[in-house]
Amino acid sequence: MIKVDEVSKSFEQPVLKNVSFSVNDGDIMLISGKSGAGKTTLLNILMGILNPDSGNIIGMPTKKSAVFQEDRLLDNMDYFSNMHLTCNQSDEELLAEFKVLLPNEDPQKKMKEFSGGMRRRVCILRAMLCSSDVLFLDEPFKGLDEKTKIVTMNYVLSKRNGRTLFLVTHDKDEIAAFCPNKNYLITAEEN
Amino acid sequence: MINSIIKNRKVKNFLIIIFWLIVWEIFFLIVNEPLFLASPLATVKSIFALLKKSESWKILFYTSGKMLLGYFAALILGVSAAWFASKFLFIEDLLKPLVVLTKSIPVASFIVLALAWFSSVNVSIFICFLVVFPTVYFSILAAIRRVDIKLLQMCQVFGVSSSKKVRFIFMPEIADELCEVVKITVGMGIRSSIAAELIGLPNNSIGGELYQAKLYLAMDDLFAWTIFAVVLCYVIEKVMIAIFTKIKSVVQKA
Chain F
12 MIKVDEVSKS FEQPVLKNVS FSVNDGDIML ISGKSGAGKT TLLNILMGIL NPDSGNIIGM
72 PTKKSAVFQE DRLLDNMDYF SNMHLTCNQS DEELLAEFKV LLPNEDPQKK MKEFSGGMRR
132 RVCILRAMLC SSDVLFLDEP FKGLDEKTKI VTMNYVLSKR NGRTLFLVTH DKDEIAAFCP
192 NKNYLITAEE N
Chain W
1417 MINSIIKNRK VKNFLIIIFW LIVWEIFFLI VNEPLFLASP LATVKSIFAL LKKSESWKIL
1477 FYTSGKMLLG YFAALILGVS AAWFASKFLF IEDLLKPLVV LTKSIPVASF IVLALAWFSS
1537 VNVSIFICFL VVFPTVYFSI LAAIRRVDIK LLQMCQVFGV SSSKKVRFIF MPEIADELCE
1597 VVKITVGMGI RSSIAAELIG LPNNSIGGEL YQAKLYLAMD DLFAWTIFAV VLCYVIEKVM
1657 IAIFTKIKSV VQKA
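Which chain is which? The protein sequence lines are F and W, in order. One point on numbering: in this note's numbering, the residue at position 179 of the first sequence is 190, and numbering is uninterrupted. One point on numbering: in this note's numbering, the residue at position 169 of the second sequence is 1585, and numbering is uninterrupted.
Pulled out of the complex, with its shape left as it was, chain F reads as follows (with noise of 0.2 Å):
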């Protein structure tokens, strides 16, 4: 269990005050809330690359895996030399799961040149591919028309194996798809 307990943070002003939540190894937590209100300062501290102000964060696994808000990819190299950074499958292994998101692109071609939402999929399978207990998802479906979400949704769900998963949505569909019963919602509007 991930046990955040009273984490606080402020920049100029207070982002997050006396945060606490606790979740079950394997749960879904979703993350919601308007713009500004730290839904991305939470999961960078639950990532470990903030340092929250007070509180702490106990249970955390050592094995992370992301995709961040921004596509943090290396823009001068290929799809394989962007997953053998962070993944350990062979090449065989890569391509397979790269024609599933991407099935008519060629993975050789460097990321600058790929479009946006081409490269938000190579960062799916970058986090999903990689060996992990948990999975911070920063609206990771941003920018994909309707039916590649559907389909890289459904990859995710396929994919996630039982880990623990943050999810940072404002989409209803995502919600839907990810938390039915909207269980585990955190609204991060009131902080």
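These aren't lab readings, by the way, just hints derived from the structure by calculation. Each hint should be verified, as a subset may be incorrect.
[To be verified] To list a few chain W residues with every Cβ distance to chain F over 10 Å, as calculated:
id, residue
1, Leu1431
2, Ile1432
3, Ala1465
4, Lys1474
[As the list claims (entries may be wrong)] Here are the simulated BS3-like cross-link-like pairs (lysine-lysine), alpha carbons at most 30 Å apart as the crow flies:
id, chain 1, residue 1, chain 2, residue 2
5, W, Lys1426, W, Lys1662
6, F, Lys74, W, Lys1426
7, F, Lys121, W, Lys1580
8, W, Lys1654, F, Lys120
9, F, Lys183, W, Lys1566
10, F, Lys170, W, Lys1580
11, W, Lys1566, F, Lys121
12, W, Lys1566, F, Lys110
13, F, Lys74, W, Lys1580
14, F, Lys121, W, Lys1599
15, F, Lys110, W, Lys1580
[Unchecked claim] Label-pair ranges, simulated between beta-carbon atoms:
id, chain 1, residue 1, chain 2, residue 2, range
16, W, Asp1564, F, Gly128, 14 to 24 Å
17, F, Gly127, W, Val1427, 20 to 30 Å
18, W, Lys1503, F, Asp64, 20 to 30 Å
19, W, Val1582, F, Asp86, 10 to 20 Å
20, W, Lys1662, F, Pro72, 33 to 43 Å
21, F, Asp86, W, Lys1662, 13 to 23 Å
22, W, Trp1436, F, Ser126, 39 to 49 Å
23, F, Asn115, W, Lys1662, 30 to 40 Å
24, W, Val1427, F, Lys170, 49 to 59 Å
25, F, Arg171, W, Lys1503, 31 to 41 Å
26, W, Ile1659, F, Asp86, 21 to 31 Å
27, F, Gly37, W, Val1516, 49 to 59 Å
Idealized CB from N, CA, C, for every residue including glycine.
Go by the hints and put chain W onto chain F.
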């Protein structure tokens, strides 16, 4: 038609060279004194005459070999120092006065000082190192600092090993920067090495030959050796860039 010929890069470069050769010839005709200015024709004759002598090849080999020794030492130590300075602020602070001083002290002072320390044979190695090292150090340090912090954060989240970070993130940045550094520093290295040779006068050196040419007012030889130095600079620069580009692609595909 003329426009299409000029658009061809090779033809354009050839025409530019012809233009400057004509300008040179015109100046020669105006000066009309081979003791002050050699003609393009006399220079070409001198180049071919020198190329026929095995002694000239030996001189080119020694000068470029010593320059490359100093140059590679500056590259290796410059990149290493920049790497450690990027990791430990106190190393950057410690090196800063030394590197800034090295950058601003006149090369001639170093040459005279080096002649007191080493035999004249090795002075050009040391001088090339001193001239190139600060530029390599500062450029590579800036390149390492330019690496996107967000990529490093991504690596932190995914638990990427240090060796993979070096290979996929730092090495390409450093290799790109080295290609740019080579464009600036090869010329600096050759010029300073030859200047050191000109003052130290070791045997089998372009600097020594330039001094001889000046002594005997052999302007055609002086121009010929100068052109050798320019060609040497061009060849070394192209080879170095090819090496770093290859290293970059091999590292990424390995």
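Structure-based check of each hint:
1. Taking the minimum C-beta to C-beta distance to chain F, about 35 Å, the non-interface status of leucine 1431 (chain W) holds against the 10 Å cut.
2. Distance check for isoleucine 1432 (chain W) against chain F: the nearest CB is about 33 Å away, which clears 10 Å, and the non-interface claim stands.
3. Every beta carbon of chain F lies more than 10 Å from that of alanine 1465 (chain W), the smallest distance being close to 48 Å; the non-interface claim holds.
4. Here lysine 1474 (chain W) stays apart from chain F, with its beta-carbon at least about 43 Å from theirs, past the 10 Å limit.
5. Pair hint lysine 1426 (chain W) plus lysine 1662 (chain W) holds up; C-alpha atoms about 25 Å apart against a cutoff of 30 Å.
6. With a CA separation close to 55 Å, the supplied pair lysine 74 (chain F) and lysine 1426 (chain W) exceeds the 30 Å bound.
7. Distance hint between lysine 121 (chain F) and lysine 1580 (chain W) is fulfilled; the C-alpha atoms sit about 19 Å from each other, no more than 30 Å.
8. Taking the CA atoms of lysine 1654 (chain W) and lysine 120 (chain F), the gap is near 27 Å; set against the 30 Å cutoff, the hint holds.
9. Under the criterion of a C-alpha separation no larger than 30 Å, the hint pairing lysine 183 (chain F) with lysine 1566 (chain W) is consistent with the structure, at around 29 Å.
10. Taken as a hint, the lysine 170 (chain F) and lysine 1580 (chain W) pair is honoured in the structure, with Cα atoms around 25 Å apart against an allowance of 30 Å.
11. Straight-line distance between C-alpha atoms of lysine 1566 (chain W) and lysine 121 (chain F) comes to about 19 Å, which keeps the hinted pair within the 30 Å bound.
12. Using a Cα cut-off of 30 Å, the hinted pair lysine 1566 (chain W) and lysine 110 (chain F) holds, with the two alpha carbons roughly 27 Å apart.
13. For the proposed pair lysine 74 (chain F) and lysine 1580 (chain W), the alpha carbon gap of about 16 Å is at most 30 Å, so the pair holds.
14. Among the hinted pairs, lysine 121 (chain F) with lysine 1599 (chain W) is consistent with the structure: their alpha-carbon atoms are about 26 Å apart, no more than 30 Å.
15. A distance of roughly 25 Å separates the Cα atoms of lysine 110 (chain F) and lysine 1580 (chain W); the hinted pair therefore holds under the 30 Å criterion.
16. Checked against the hint of 14 to 24 Å, the pair aspartate 1564 (chain W) and glycine 128 (chain F) passes, with Cβ atoms roughly 22 Å apart.
17. In this structure the supplied range 20 to 30 Å is violated for glycine 127 (chain F) paired with valine 1427 (chain W), their Cβ-Cβ distance being about 42 Å.
18. For lysine 1503 (chain W) and aspartate 64 (chain F), the hinted distance range of 20 to 30 Å is satisfied, since their beta carbons lie about 27 Å from each other.
19. Between valine 1582 (chain W) and aspartate 86 (chain F) the Cβ separation comes to about 18 Å, which falls inside the hinted range of 10 to 20 Å.
20. Restraint check, lysine 1662 (chain W) to proline 72 (chain F): a C-beta distance of roughly 40 Å satisfies the suggested window 33 to 43 Å.
21. Distance hint check: the CB atoms of aspartate 86 (chain F) and lysine 1662 (chain W) are about 21 Å apart, consistent with the given range 13 to 23 Å.
22. In this structure the supplied range 39 to 49 Å holds for tryptophan 1436 (chain W) paired with serine 126 (chain F), their Cβ-Cβ distance being about 47 Å.
23. Between asparagine 115 (chain F) and lysine 1662 (chain W) the C-beta distance comes to about 32 Å, which sits within the given range of 30 to 40 Å.
24. At about 57 Å, the CB distance of valine 1427 (chain W) to lysine 170 (chain F) agrees with the hint of 49 to 59 Å.
25. Taken as a hint, the range 31 to 41 Å holds for the pair arginine 171 (chain F) and lysine 1503 (chain W), whose Cβ atoms sit roughly 37 Å apart.
26. Between isoleucine 1659 (chain W) and aspartate 86 (chain F) the beta carbons are some 24 Å apart, a value that agrees with the proposed interval 21 to 31 Å.
27. The hinted range of 49 to 59 Å is satisfied by glycine 37 (chain F) and valine 1516 (chain W), whose Cβ atoms lie roughly 57 Å apart.
Checked against the numbered hints above, the structure breaks hints 6 and 17 and satisfies the rest.
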